[in-house]
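Here's the letter readout for the chains.
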Amino acid sequence: EIGCRVQFTEYIQKNVALYQFRNGIPLTTAAAANFTRGELATALRKNPYQVNVLMAGYDKEIGPSLYYIDYIATLHKVDRGAFGYGSYFCLAMMDRHYHSGMTVEEAIDLVDKCILEIRSRLVVAPPNFVIKIVDKDGAREYAWRESVKPDATA
Amino acid sequence: MARYDRAITVFSPDGHLFQVEYALEAVRKGNAAVGVRGTDTVVLGVEKKSAAKLQDSRLSVRKIVNLDNHIALACAGLKADARVLINRARIECQSHRLTVEDPVTVEYITRYIAGLQQKYTQSGGVRPFGLSTLIIGFDPYTGVPSLYQTDPSGTFSAWKANATGRNSNSIREFLEKNYKETSGQETIKLAIRALLEVVESGGKNIEVAVMTKDQGLRQLEESEIDGIVAEIEAEKAAAEAAKKGPARDA
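As given, the protein sequences belong to chains A and B, one line each in that order.
In terms of UniProt numbering, the first sequence opens at residue 1 and continues consecutively.
In terms of UniProt numbering, the second sequence opens at residue 1 and continues consecutively.
This is chain A alone, in the form it adopts within the complex (with noise of 0.2 Å):
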């Protein structure tokens, strides 16, 4: 739901940035994660969020981490995940063509199969795409695949 979307993870980004100037020190993936699903599972029984996150992190010791995490507050640490209609057929991809150690490269070669399965297989395919990246130097937007440019005049 697009409301719960940003309430939520706005919710969740201020109280992970909090957390960092009352210990002096970031959250970890995991603790965020954790944190997260806290979060879901307290309001689920009330006035639940129907939010699904991935969420992507670097720590220093551990490398980059996901973390599966969907509305009835799951949690699962994952190599690869999706969400949505077209999740099934980006599972499918990933199934085929993921290894371990894969490059960037590589990586972004996958996130274009799928794609590309999501607007040919998807009756209700959205048009464009961000890809971004989580690295040692932090979360960036890497790219856009847009079928359907922003509209100028509007």
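It should be emphasised that the hints constitute simulated quantities derived from the structure, not laboratory data.
Misleading hints may appear alongside valid ones.
[As the list claims (entries may be wrong)] Straight-line Cα separation of at most 27 Å, DSSO-like style, residue types lysine-lysine; simulated pairs:
#, chain 1, residue 1, chain 2, residue 2
1, B, Lys244, B, Lys160
2, B, Lys177, B, Lys79
3, B, Lys177, B, Lys189
4, A, Lys14, B, Lys204
5, B, Lys213, A, Lys136
6, B, Lys160, B, Lys180
Place chain B on chain A using the hints.
Relative to the frame of chain A, chain B by itself:
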């Protein structure tokens, strides 16, 4: 008179709130803290009590703290009270970012902290916070540096340079005599010179932090402080020699 200092909510006949005044006494006994505002830099310095032999000073809490990326705080007085205020201020900084999608201005967070301190002068069964704070920061959009001070009564004001805690009057006098618009390293030197008026010289007795618009808060290493103190002492010695020199010739 003594009857009017029991509960905080009671005025004395001559219009004093004794608990607030006693809180100000507590501040006057606390370690000295000084703040100096430059054109592009704001500096905070605090007196550091020498650590006991067995105390692990690497892990001990620093006295100058970040409230947000662009705001820092130092205080004089009851350090335990400080932890509570600092925690509430940090939460408010993030809460403000969440609700209005903007970082706080220095004035806003000063007003918030002062408001908290005031609340505790007008409630039953509580005592005021026994500390005065020096708050520095840069306005998130205009980039203008600021220095504010709050005290246990809940008043706050903006300053070009100020001191609080032990011997703050002497430091303030020194600042009034020697303040001029400075930037960068000069601002740091002025702050350390002011603090050296009342503190034994040496990096292990002073803690200094510098805030700039682009780099946020930077705590100075002991060696760096020692270096600047040495510079200051050399300048002082040169000034003394210059004063004596011509007199001897004449």
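Checklist entry - Can you name, in rising order, the numbers of the hints this structure does not satisfy? => result Violated: hints 1, 2, 4.
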